[in-house]
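Protein chains: 2
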Amino acid sequence: VHGGAWAIPDECAKACVDGVKVAAQEGFSVLTRGGSALDAVEAAVRNLEDNTVFNARGATLNADGEVELDAIIMDGRTLASGAVSSVKNIANPVSLARAVMEKTDHMILTSRGANLFAESVGVASIPTEALVSAYERTEWEKHKNYATGVKEDFNSAHDTVGAVTVDCAGNVACATSTGGIRNKMAGRVGDSPVICGGYADNCSGAVSCTGHGESILKVTLARLIISHVEQKTVAEASQLSLQYMAERVHGAGGAILVSPSGRWAATFSTDRMAWAAVDREGLWYGLDPNERH
Amino acid sequence: VHGGAWAIPDECAKACVDGVKVAAQEGFSVLTRGGSALDAVEAAVRNLEDNTVFNARGATLNADGEVELDAIIMDGRTLASGAVSSVKNIANPVSLARAVMEKTDHMILTSRGANLFAESVGVASIPTEALVSAYERTEWEKHKNYATGVKEDFNSAHDTVGAVTVDCAGNVACATSTGGIRNKMAGRVGDSPVICGGYADNCSGAVSCTGHGESILKVTLARLIISHVEQKTVAEASQLSLQYMAERVHGAGGAILVSPSGRWAATFSTDRMAWAAVDREGLWYGLDPNERH
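Chains as they are written, first to last, in my numbering: chain X, 1 to 293; chain C, 1 to 293.
Since the hints were derived computationally from the structure, they do not count as laboratory data.
Check the hints yourself; a few may be wrong.
Repeated chains share a single entry, so a pair holds when one copy, or any two copies, can fit it.
[Said to hold, decoys possible] Within a straight-line C-alpha distance of at most 30 Å, the following computed BS3-like cross-link-like pairs (lysine-lysine) qualify:
1) K142 / K103
2) K232 / K142
3) K103 / K88
4) K103 / K232
5) K14 / K103
6) K142 / K88
7) K88 / K232
8) K142 / K14
9) K232 / K14
Let the hints inform the model, and build the full structure from the sequences given.
Structural data, given as structure tokens:
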């Protein structure tokens with residue numbers, strides 16, 4: 001799992017690392033109880049969404065002072081996926097994304113249509129106040145102008161969360177959820193609900209991306225990593241793709257990747273990314289480049 | 001250019017072919033007047049959007065009886081792109097997509113946010129009645145239930161339009177625009193505004209896809225074609241990718257593709273696709289498999 005790739009300040013560092021460790025263990029416990037890869041990534045991302053440290057329950061505000069959330073979930077067995085974009089005031093967008101996948105003929109529902117669908121399947125709305133921390137509201141007041149804000153603020157205002165996993169049957173799945181960039185325009189959709197920001201295919205692996213959404217979209221980062229992994233190691237595939245993104249479109253970000261055989265990598269070109277993984281040898285986690293415990 | 005890949009009935013066949021021929025010439029005339037690849041695909045797609053034969057001005061209605069339009073444009077020089085999804089009552093979504101690319105820091109704007117942006121850049125709204133033909137309204141009344149409708153109706157209710165081009169400087173661009181699937185849920189987003197439904201990169205080529213959006217997303221069709229074209233001919237790259245989509249997710253569709261050196265292909269796995277192309281040798285067009293005039 002990851003908790004977003006950005007210049008995580010020291011005062012949030014411990015909470016971020018603790019948060020991803022708990023979420024990784026939550027996802028793993030679903031697998032040990034016999035759950036599917038899909039169940040595990042959903043559980044891990046719900047756990048991250050519920051943690052006010054990350055940009056989901058602790059969501060960013062758009063230029064109009066509203067919360068608009070994006071999420072995707074994808075099943076590597078069938079390539080089926082579900083996504084919601086610009087949905088308002090939902091506690092767990094990842095679960096709504098799963099409902100889109102399982103209960104509609106579509107893959108992406110956006111804005112009011114996504115909220116109408118949530119109502120129709122009994123997913124309750126929650127007030128904006130419940131989604132936004134006092135810290136976020138103060139930061140938002142400071143940076144009301146996105147145009148100037150994004151440059152100085154890029155590294156402090158977008159902490160997407162995500163999970164990838166492989167279950168004992170060799171099925172891979174991925175899920176990603178975010179509140180997007182602070183002071184984004186109303187209706188702005190980043191990479192998270194788009195299949196290029198996350199991808200899962202039993203033939204090659206599962207990826208969840210984080211970072212500057214517009215850059216991730218330009219190079220279709222998740223798809224690029226998946227195409228590299230057919231010929232490279234998981235670490236090389238992620239590094240090469242992030243390097244290409246830096247060179248071609250000057251974008252920074254991070255990605256977590258797992259192969260159908262259980263090899264995994266957590267890679268980033270930002271200052272930091274909080275990540276954690278559970279495999280046969282136990283729990284691994286890190287925050288700074290090359291840090292791995 | 002293409003006017004959508006589906007089982008085009010004989011009574012629309014001539015109008016569709018005439019429409020794509022005019023649009024291809026329109027795009028080419030922009031190039032001969034010194035316009036860029038981006039100008040040419042925008043002009044060609046605007047021409048198709050303005051033609052009531054196709055699903056743009058002659059847009060489909062969603063389950064609520066509303067028109068929601070998706071469009072993307074992408075510049076192969078920089079990988080910059082702009083897109084709108086679920087935007088209501090706009091005559092030329094492709095031009096609004098271009099404004100998103102050129103006038104915002106974002107790549108995708110959706111629903112109300114996209115309409116607010118349209119207003120802010122002076123793009124006028126037009127009434128739903130002006131976007132919907134009498135034929136579409138009658139068909140919509142017939143098929144109000146999407147769940148049963150889509151199966152029988154899949155081949156008759158989604159005619160996306162698109163264009164790809166390369167200019168004399170070797171710059172490629174693509175654009176796609178659609179009203180989506182008849183009786184779709186409110187807020188449904190297909191492949192068109194997503195970078196996987198169209199892609200342009202000066203290093204490899206430009207693609208515009210059409211067909212069953214959910215299937216195109218699952219296999220990231222445009223990106224898949226682009227990755228094949230590095231090692232295959234343009235025709236092989238498109239055919240292989242459409243074949244993979246048929247085998248892996250049982251989806252049908254079509255794609256147009258141009259390489260930076262000017263080689264092009266118009267390929268489809270549906271019954272028919274109206275397409276036209278202009279190259280040094282003149283105007284080419286077709287409708288049925290293997291038909292090429």
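Here's how the hints hold up against the structure:
For the homomeric pair K142 and K103, the shortest alpha-carbon distance between copies (23 Å) is at most 30 Å, but the shortest distance inside one copy (41 Å) is not. Taking the closest pair of Cα atoms, K232 and K142 never come within 30 Å of each other, the shortest separation being 44 Å inside a single copy and 52 Å across copies. In this assembly of identical chains, K103 and K88 lie within 30 Å of each other by CA distance both inside one copy and across copies; the values are 20 Å within and 25 Å between. For the identical chains of this complex, K103 and K232 are neighbours neither inside a copy (37 Å) nor across copies (39 Å), given an alpha-carbon limit of 30 Å.
Taking CA atoms no more than 30 Å apart as the test, K14 paired with K103 passes in neither setting, with 39 Å inside one copy and 39 Å between copies. In this assembly of identical chains, the alpha carbons of K142 and K88 lie at most 30 Å apart only when taken from the same copy (23 Å versus 33 Å across copies). In this assembly of identical chains, K88 and K232 lie within 30 Å of each other by CA distance neither inside one copy nor across copies; the values are 40 Å within and 45 Å between. For a Cα distance limit of 30 Å, the shortest separation of K142 from K14 inside one copy, 25 Å, qualifies, whereas the shortest one across copies, 59 Å, does not.
Proximity of K232 to K14 under the C-alpha cut-off of 30 Å is found in neither arrangement, the shortest distances being 33 Å within a copy and 50 Å between copies.
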